[in-house]
Every structure is written in C-alpha cells, then in structure tokens.
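Take a look at the letters that make up each chain.
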Amino acid sequence: MSRPHPIGAAVRDALTAQPTMSMFCTYQQDDLVARYGGDRMVRMPIAENAMLGMALGMALTGRRVLVSIARIAFLYSAFDQLVNQVTTWRYMSGGQFSVPLVVRGFSRGGEHLGAQHEHAPYGLLSRIPGLVVAVPGSPNSLAGLLRTALTHPDPVVVLESPLLFTPDWAELPEPEPSPAALPFGVAGLARAGADLTMVGIGNTVAACLRAADRLAGQGVDARVVDLRTAAPLDRDGVAAMVLPDRPVLLVDEEPRSGSVMTDLALHLVQTGAADPGRIDLLTGAPVPAPVSPTLLAPLLPDVDRIVDAALHSFAPDLRRKNP
Amino acid sequence: MSRPHPIGAAVRDALTAQPTMSMFCTYQQDDLVARYGGDRMVRMPIAENAMLGMALGMALTGRRVLVSIARIAFLYSAFDQLVNQVTTWRYMSGGQFSVPLVVRGFSRGGEHLGAQHEHAPYGLLSRIPGLVVAVPGSPNSLAGLLRTALTHPDPVVVLESPLLFTPDWAELPEPEPSPAALPFGVAGLARAGADLTMVGIGNTVAACLRAADRLAGQGVDARVVDLRTAAPLDRDGVAAMVLPDRPVLLVDEEPRSGSVMTDLALHLVQTGAADPGRIDLLTGAPVPAPVSPTLLAPLLPDVDRIVDAALHSFAPDLRRKNP
Amino acid sequence: MDLLSAYRAMLEIRLFEEGVLRLAGQGLVPGATHPYTGQEAVAVGVLAARRPDEWVVSFYRCHGHALAAGSPPEPLLREILGRDGGVCGGKSGSMHLADRANHLLGSTSIVAAQLPIAAGAAMSAKLDGAGRAVIVFCGDGALSAGGAYETLMIAAAQRLPLLVVCEDNGWQDRTASPLVRHLTPTELVRGLRLPHVEVDGNDVEAVHEAATGALAACRDGGGVGVLVAHTYLRHFHSQLGPRPPAEYRPAAERERWLARDPLTVAADRITADLTALRAEVAAGTDALIRRVVDAGGPAPATAATGITVTGDALIGAAR
Amino acid sequence: MDLLSAYRAMLEIRLFEEGVLRLAGQGLVPGATHPYTGQEAVAVGVLAARRPDEWVVSFYRCHGHALAAGSPPEPLLREILGRDGGVCGGKSGSMHLADRANHLLGSTSIVAAQLPIAAGAAMSAKLDGAGRAVIVFCGDGALSAGGAYETLMIAAAQRLPLLVVCEDNGWQDRTASPLVRHLTPTELVRGLRLPHVEVDGNDVEAVHEAATGALAACRDGGGVGVLVAHTYLRHFHSQLGPRPPAEYRPAAERERWLARDPLTVAADRITADLTALRAEVAAGTDALIRRVVDAGGPAPATAATGITVTGDALIGAAR
Ligand SMILES: Cc1ncc(C[n+]2csc(CCOP(=O)(O)OP(=O)(O)O)c2C)c(N)n1
Ligand SMILES: Cc1ncc(C[n+]2csc(CCOP(=O)(O)OP(=O)(O)O)c2C)c(N)n1
Ligand SMILES: [Mg+2]
Ligand SMILES: [Mg+2]
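Chains as they are written, first to last, in my numbering: chain A, 1032 to 1354; chain B, 1032 to 1354; chain C, 2 to 320; chain D, 2 to 320.
Hints may contain errors.
To be verified - Okay, the calculated bits of chain D under chain C, using three or more residues with CB under 8 Å as the criterion: (1) 135–147; (2) 184–193.
To be verified - Looking from chain B toward chain A, a few residues come up when the C-beta cut is under 7 Å (computed): (3) Ala1048; (4) Val1114; (5) Thr1119; (6) Thr1197; (7) Trp1200; (8) Ala1201; (9) Ser1288; (10) Val1291; (11) Leu1297; (12) Val1300.
No wet-lab data here; the hints were simulated from the structure. For glycine and all other residues, C-beta sits at the position ideal for the given N, C-alpha and C.
Using the sequences and the hints given, assemble the complete structure.
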C-alpha cells in the first residue's frame, strides 16, 4: 500500500488538536465534514474577499481559520483584506489582537491553466510586512510548513505546487526526512555537496535535486539549499550554507526582477559569502503563463537548463576541481 | 502669480487631444466636467474592482481610460483585475488587443493616514509582468510621466506622492527642466556631482537632492539619479550614470527585502559598475505605516539619515578625495 | 432565427465539445476543459439575436459561445489543444478564448471578472451612440461575487446597453448553488430591480425570443438587462487531466434534465429528416479533429512576445 | 435606555468631536478626521441595546462608536492626536480605533472592509452558541462595494448573528449617493430579502427601540439584520490638514437636517434642566483636551514592534 499524502494528517491533526479551528472552502471535503462537522468546515460562495475578511474576524475573536482558497490566483480577489486588514490589524491595534490565519492554495506547476490561474507570487507576497510566505518544495516540506502555519499566531500564506499532489507525488525528490513541523525562516540543506551550491525554492528544489543527480554522473557534486519560506527569507542561513569559494547558482521560477533571489544574491555578495563573479541566477521569464506547453517550456528553468547553467557558467571553477 | 501645477495641463491636454479618452473617478472634478462633459468624466460608486474592469473593457474596445482611483491603497480592492485581467489580456489574446489604461492615485508622504492608506508599493507592482510602474519624484516628473502614460498603448500605474501636491509643491527640488513627456525605463540625472552617487525614487529623489545640498556645504559633491519608473527599471542606465570607483547610496522609502534597490545593487555589482564594499542601501522599515508622526519618523529615510549615511558609510572614500 | 440552422449550430457545438472531451481523455488537452454540452441552446439562441458588430464577452466555459459567435472552429480547436495556428497563438488555451475578428472580446477564468469588462465595453457602446449592445455570459454561481454585484449596480446607474446572460445550471462546480446563496439568480436580479427575463434555457426558440426582446431594450437605451436561462450541464463542471471527475450530482436530477436535452427539444419540433445533417456535421468535426491533432505546437520563440505593444524589452530584465 | 443618559452620551460625543475639529484646525491632528457630529443618536441608541460582551466593528468615522461602546475618552484622544498612551499605541490614529477591553474589535479606513470582518466575528459568536450578536456600522455609500454585498449574502446564507447598522447620511464624501446607485439602502436590503428596519437616525429613542428588536432577533437565531438609520453629518465628510473642506451640500438640505439635530430632538423631550449637565460635560471635555495636548508622543522605539507576535525578527531584514 502506498503511503498517504502527508498533508492529510497535517490538516486533521490541527483540526483535532484545536477544536476552535475552522476551515473555509468553496469545495467542501466530505471526509472532513464527516469528522469535524459542517459547522467547522464552512462552505463559501465565490466571494474570496469576504471569505478572507471573515477569516480575519474569526481570528480576531479567538478562533483559528484555515482558508482553503483553492488557488493562490484567487487570492488577488481578496487582496485588500490581505494587505490592508489581515496583515495590519495586530500592528494598527497596538498589539491588542493576534491573527492566527492560514491561507493555502495551489500555486502552479504542470497544469497548463494559463495566465489567470498559474501564479506562484512569493516575491510579490513577501513585500507585505508581517506576512509569512511558505513555499514548500516537497511533500514533507509542505506538511511540515503547514503544521507550523497551523500553530502560528500570525498570518501565513502557503503556496502549494500542484506538482506535490500529482498521482506520482511519492516519486518526488524528498529532502525532508519526515513530515514533522518545520520552522519558518530557516532554509534547509536539501543535499550535501562539495563543488557548487544551488539554491531553490518551491518547484525548483526538486529540479535542483534532479539536476544534482545528473551532475553527479558527470563528477560534479552539487549542494542544494531549499529556502522553504520566501518571507522570512533566511539570508544568513543561506550565507552560512553556501560553499565558500565555490560557485552559487540561484534557481527560481519567478521572474528575476526584484525577486527573493536578487535580494539573496546581493546579501551573499555583500557578506562575502559568494564572489560576484561566481554567482549566477537562473529564473523564469517575466511573462504571463501561456497555456501551450510548447510555449511554457522555454519560460521556466528546468533540469536541463540547471545542469547546463551549472556546467557552463562555472566551467573554469569546476574544472579547477576536476582536472 | 504662482505657476499652476503642471499636472492640470497634462490631464487636459490628453483629454483634448483624445476625444475617445474617458476618466473614471469617485470624486468628479467640476472643471473637467464643464470642459469635457459628464459622459467622459464617469462618476463611480465605491467599487474599485468593477471600476478597473470597466476601464479594461473600454480600453479593449478602442478607448483610453484614466482611472483616478484616488489612492493607490484602493488599488488592492481591484487587484484581480490588475494582475489577472488588465495585464494579461493582450498576451492571452495573442496580441489581438491593446490595453491603453492608466491608473493614477496618491501614494504616501506627509499625510499620516496610517497603514491602510499609506502605500507606495512600486516594488510589489513591478513584479507584475507587463505593467509600467511610474514613480515621479517631482512635479515636472509627475506631469512628464503622466503625459507619456496617457499616450502609452499598455497599462501604466502612476504613484503620485501627496508631497507633490502640498501648497508648497513649487518649493520642491525640481530636477526636470520642464513638464514635457518623459520616457519610461530611463533614469534621469537629477544632479551632477563627482564624489558619490545617490539613487532615489519617488519621495527619496527630493530627499537626496536636499541631502546633496547639505553635503555640498561639507565639501562633498553628490550626484543624484532619479529612477523615474520602477518598471521598467533602468539598470543599465543607472550603471552608466554611477561614478566609477566612488561610493553608491541607494535610497528607498520601501522596505529593502526584494526591492527594486536590491535588484539594482546586484546589477551594479555584477556589472562592475559599483564595488560590493562601496554600495549601501538606506531603506524604509518593513512596517505598516503608523499614524503618530513620532512613530513614523524612525521608519523612513530622511535628509538627516541620508547625509549621515553618505558621510559615515563612505568616510574612507570621501576622505580619500577630501584630504 | 431559423430552427434548422439553430439545430445545426447546437449540434456543431455538441460534437465539438464531445470531441474535446475525447481528446482530453487521451491527454491531448493541456489544462482544463469546461464542456458546454447541455447548454448549447443558450449560446445559439442568444447570439442569433446579436448583431455581428456587437461585442460578446465570455468566461472559462467559452467554446460554445465562441462557436455561436461565428468564430471558425479550427483556430479554436488549435488553441484549445495548444497547437500552432490557435486563435490566440496558443496563449489562451481552453478558458480564455478571444477572437477580435468575430467580436469575441475574450473570456476569463476568474469567476465574474468578465462582467465589469463587458460593462466597460457597453460604456464604449453607449458613448459610440450607434445603438449597439454588449452581451456577456456568466454562470449562476458568479452572481455571488462582489464584482458581479458592483457591475450590475453600475450598469443600472449608468444605463449601460449590456445584456447579462446568466446560465443557471444550478451548480457551481461541485457545490449546489442553493447551499451557498439564499436567492436564485432571478430573485436576486428582481430584488436589485434590474430589467430581467427568465427563460427555459434548453429551448433555443424561447431563448432567442427572450434575447431578441432584451437586446432591443438595451439598444433602445433601456439600460442593463438580465436574461436568466435555466439549463444543465450534460457532462460535468470541468475536466483537468485525462480522467473525468467523479459524478457529484443526484441521479434523479440528472435524468430529469437530460431528458430535456436542448438538441432533442429542437429536433422534436423539426419535421425534416436530420440524418444527413447529423452525418455531415459529425464528419466535419472528425476531419477537423484529425487535422488539428496532427499539427505541431506554436513556435517557442513567440512565448515571450506580445506582453506589451511597446516592445517586450520594456517588461524588465529576463535572465 | 434612559433618555437623560442617552443625551449625556450624545453630548459627550458631540463635544469630543467638536474638540477634535478645533484641534485639527490648529494642526494638532495627524492625518484625517471624520467627524461623527450629527449622527450621535445612531451610535448611542444602538450601543445602548448591546451587551458589553458583544463585539462592535466600525469604520473610519469611529470616534462616536468607540465612545458609545464605552471606550474611555482619554486613550482615544491620545490615539487621535498621536500622543503617548493612545489606545492603540499611536499606530491607529483617528480612523482605526480598536479597544479590546471594551469589545471594540477595530475600525477600518477601507470602505466596507469592516463588514466581512464583522461577519467573521459573528461566525465566532454563532459557533460559541452563547446567544451573542455582533454589531457593525457602515455608511450608505459602503453598500455599493462588492465586499458589502458578499458579506450580506453570506451572512444570510449562514444565518449569522450580525446586526449591520447602515448610517444613511445621503452622501459618500462629496458625492450625493443617489447619483451613483439606483437603490436606496432600504430598497437594496429589502431587495436582497434581508430582515431590516428603517429608522429616524436622529431620534435616539427610536434608534434604540429598533436596535433592541433587531438585536433580539439576531441573538435568537434570526440571522443577519440590517438597521438603516437616516441621518446627516453636521459638519462634513472629513478634514485632512488644518483647513475644513469647502461646503459641498445644498444649503436647503443642510438647513432642513440641522433643524432636526439629534441633541435637540432628545433635549426637547427632556423636562429636566440641562444647563448643569452641559456645563459639566463641557468642562470635562476641555480638561481632557488640555491634558492630552500637553502629552508627548509615543516612544519611537515602539515604532517597529508589534507587527507579528512571534517576534519582529521574523518580518525580514530591516536596513
Ligand atoms: C474568483 C474565483 N474563485 C473560484 C474559482 C474556481 N471556480 C471555477 S468555476 C467555479 C464555479 C462557477 O460556477 P458558475 O458561476 O455557476 O458557472 P458554471 O461553471 O456552473 O457554468 C469555481 C468556484 C474561480 N475560477 N475564480
Ligand atoms: C475602497 C475605498 N474606496 C474609496 C475610499 C475613499 N472614501 C473614504 S470615505 C468615502 C465615502 C464613504 O461614504 P459612506 O459609506 O456613505 O460613509 P460616510 O463617510 O458617509 O459615513 C470614500 C469614497 C476608501 N476609503 N476606500
Ligand atoms: Mg453554474
Ligand atoms: Mg454616507
């Protein structure tokens, strides 16, 4: 029997442990209704703005809410509540209130749904003060970050790649030993390695790990770091994990401009953790997602391109090691 | 008689030149209604989402719309239309449609309205592919960028600092010789100087210019660059304008994390335009805006802090020049 | 409207959509498809009453609207399959069809987002002063969205020449609509005091008659109108990937509705023999599908073009 | 409700607000202030019917709601002036007052955003099962926002114990509301089939009676209710900076309404002599203002604290 997806237990454990926790959804899950009652699994119309505002109102009055928004793309319909209400209430009230509220939804990956559905806007979301932006890169990381989110006293958005839910999810590279809770703002060492460091986030973690396997076949031993959360961004942790005097490749599906990776790269350079000449970024193109797979492919980094970037950008450095 | 604010002519000239241009507003301006008719100056209820969607529909059917959204803070209420509709329609349709649509509204500066009204999110907005984000730093720059926006075939958001509209607006440092149209994606040299380069955007342009005057009194001759637009970001233009081998100070009211300034700093370092050790950022704190002026002051860069950063961060470099 | 041509138009949509579902089952449709099967009488009846220079705005369930608006099937199917020569160059896929040449302004996959966009087009039409209306389609669930309400209220205040066609199929994905809203679409628009008409959405003649009247009122300055068409999805909400979703609707409800299929309703009124017509449409659809399945994808070099008119250099640095 | 205490409560609000306007004229109010003058009977009448453990949610015009909810005036004024000891530590200012101790959940300056938040609080109240209602205030213009509609519809579908108090002052800033909406608040909520009651908002007894009934229904499981109170602003929408805005409302309309000032309406029914009471409240307000004006600002070191509970280190790198 194949193991059950670790997300299920993460959600159920929280609902069981916290009887005052509710879930908002447009699609009600029968098993959860059966277990926890329709009162706690609140079925909503297509009204994301009110959904998020209501979740805030519940959170302010002492209940935790998990907003299952289906897709992060629909969070834009609730953006005032996110930017102006959810993430400001505690501060504006002078600390009188906490906002234990979690939004989860599909980001993008392998679905080909087009520009209005395919969003993984962790860069954009990380610009909202006070918001934790979790970007799991593996099934265990998803469960681990969601577990932490569901006990966190402040608002959290979890961007869940559909790739973590395909029928073959269990075949994905899994850097986390277990689905146990993972801290926010702490990058993880996803793979040890001695020749170059690759840093990924979300979908690019698996891509980097697969690229590392391919590179190993060519005698290159790549270290892989998983950022896990875009905000807080673990700048110092990454700086401590990159291999000194070795190349660093930052890999991101989001466009480069003003991204978490440009921020990180600057930090690595300014702290001396990486050499400006030996740091490179491989990022998505700043283009709305087209539906045709033929068009989407060239816009995102993939395993081939990562291997290529690692081998070519850093050829002299790698040669230095493998004469 | 004091000169009229250059924004008036910029709006009127466009309305006169383009009879198919309309303006959407919650506050109807009597003088414009008198001149152009209530039909073109459409008065709207408090419904920003529909307002922006309607502007898109008009733009797609061959009319230009200037959406006077009052405050950029209210744009979050229309965010789905901005991110998923306005900026995707041309691409998704395979280029069948253009979207000549301009949103203008107050950003922040000197108003003390608090966390829900005080937003200048050019970093966040610049992460939306296809959107021009104009951030004028002076009255002429405002008129110049708005003029360009009003003939531009693609969507533009103009973030207008309330500081550009105070009764003393004419006393502001004015780097632009005239209110003529300014190109997008082209940073401007706001002040010549030979000792260090300061780069500003929006409100920090005036702050940098005032700091430069103070520094001049101390024998330091600062060059000031105005980014003018956050997207497109004129990385190469700035790289060409910074003084080689001299310190660079990037000054931004927005928080540092993933900002246009971290992006720019990385570019300057990676292109060799600036030395990693001689580039510094002075940015706003990642905190929602508090109302009390006593609390707001420490969160934003100001002239004192800019002068201070210039003198202290770069003391050795400046001493080198002024022995 | 000639009933025989209406039948043909509905049959073309039906077979097109069944073809798309077959292709989806073979993994040939990238993304999701939302079949229009069962609702054909709405698109065909309404759009037969539209003038060709009147804009149509749709949502993710747009294949039927596009075909009924006169958009040629081949570029549509190429688009839906992500092949070369798609009406939107492969960028829209199934859910966002747009065809300027046939005055299909576009379609959105964000529920209700099409409504304000259509209202804006109607504002243009009003300013044009040429007596044109704009037609927008939406589901019944969409009327719960704040943007739908805002649009209806503005359209009423501004007397926009907008016809909102609400396809009331009783469900919003796997949720029965009455579970999440205390008013039916008709009760809602009546409550908002909007001119409206309710119609059997499976009767193409009834739909056409109602739309003709509603559009005439729009064009004559009567302002926004709402046409509520009661109908039902023959298949299901949507399919993402090669397998159709599990059935979610009560069997009795399905049987009741499927017995009133719009094609049957129309065919029952037609005295002519339909055998040859059916064979012809089927053969045409099969040939179309073969042609498109054999086509390649669009040129990858076009992927990063067309984000802005002014040149994609402006969109910021790529890698 | 005792009419004399109600009068006193209204007078306290009136003098507080007039004091704030005077201070604004002296440049002592950072940001904008939205005076509640003229609408005092609504807050006082409604909140006299509320139980102290029922949450109140407000919007930018919140001073009167806060005072009527029992929030002590000094920390409120300190907050409004951005001084030390403000109820929200100087972070909220005039438009976002919150006072947990007095069950004022908070206030928002984004029109209509308070409505779903209050509905969430009402969902909590419903799950608590202790028969508590939630009271939310909004303007008449706010009902045009999509979020208001979404909230009313969800509150109806979920039968939430929520009382929406719509302060219908006929204007939304400088725009007369009928210019941008074809329905009055009452027509709208009637059309949406929501239990509602319309009341003279300048008559504190009438308001109190209506609110008592509406709240009882909410608490008894009757679901959402709307109280539409017809009222008028004595001064103007808001003042930003030291100068009041130019008058924007027709003189005849103003005169008509100002003749029915809620304090006069109440005073006319009170037989007791009010001279001493008035002097006492005025003296108290003056003393309050002097104390607060003399206070310093909050400690700058608190500016970057309290964004998250978990420690502000988590919010990302500062400089
Ligand atoms: C804003 C938003 N929220 C949620 C969804 C997910 N979703 C897609 S279709 C749908 C149901 C819509 O039902 P209805 O409007 O009745 O149209 P139908 O599909 O029945 O034709 C939902 C919830 C979405 N696309 N957009
Ligand atoms: C979403 C949003 N849009 C616009 C504004 C600007 N604004 C502030 S108050 C106001 C008028 C609101 O009128 P109403 O709801 O009737 O309340 P009133 O001020 O009359 O009490 C407007 C348009 C805002 N604060 N929020
Ligand atoms: Mg439906
Ligand atoms: Mg009002």
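Status of each hint after checking the structure:
1. Using a Cβ-Cβ cut-off of 8 Å, 3 residues of the region 135–147 of chain D lie near chain C, which meets the minimum of three, so the contact claim holds.
2. Residues of the region 184–193 of chain D with a Cβ under 8 Å from some Cβ of chain C number 6, which satisfies the need for three, so the listed coverage holds.
3. A distance limit of 7 Å between C-beta atoms decides the matter here; for Ala1048/B the minimum to chain A is near 31 Å, and the interface restraint is violated.
4. This hint holds: Val1114/B has a C-beta 5 Å from the nearest C-beta of chain A, less than the 7 Å allowed.
5. Nearest Cβ of chain A to the Cβ of Thr1119/B: about 4 Å, under the 7 Å cut. The hint holds.
6. Hint status for Thr1197/B relative to chain A: violated, with the closest Cβ pair at about 25 Å, above 7 Å.
7. A hinted interface residue such as Trp1200/B counts as satisfied when its beta carbon comes closer than 7 Å to some beta carbon of chain A; here the least separation is about 27 Å, so the hint is violated.
8. Taking 7 Å as the C-beta contact cut-off toward chain A, the hint placing Ala1201/B at the interface is violated, the least distance being around 33 Å.
9. A least Cβ separation of about 6 Å between Ser1288/B and chain A falls short of the 7 Å threshold, and the interface hint therefore holds.
10. The beta carbon of Val1291/B is positioned within 7 Å of a beta carbon in chain A (closest approach about 5 Å), and the interface hint is therefore held.
11. Checking Leu1297/B against chain A: minimum C-beta separation of about 4 Å stays under 7 Å; hint holds.
12. A distance limit of 7 Å between C-beta atoms decides the matter here; for Val1300/B the minimum to chain A is near 5 Å, and the interface restraint holds.
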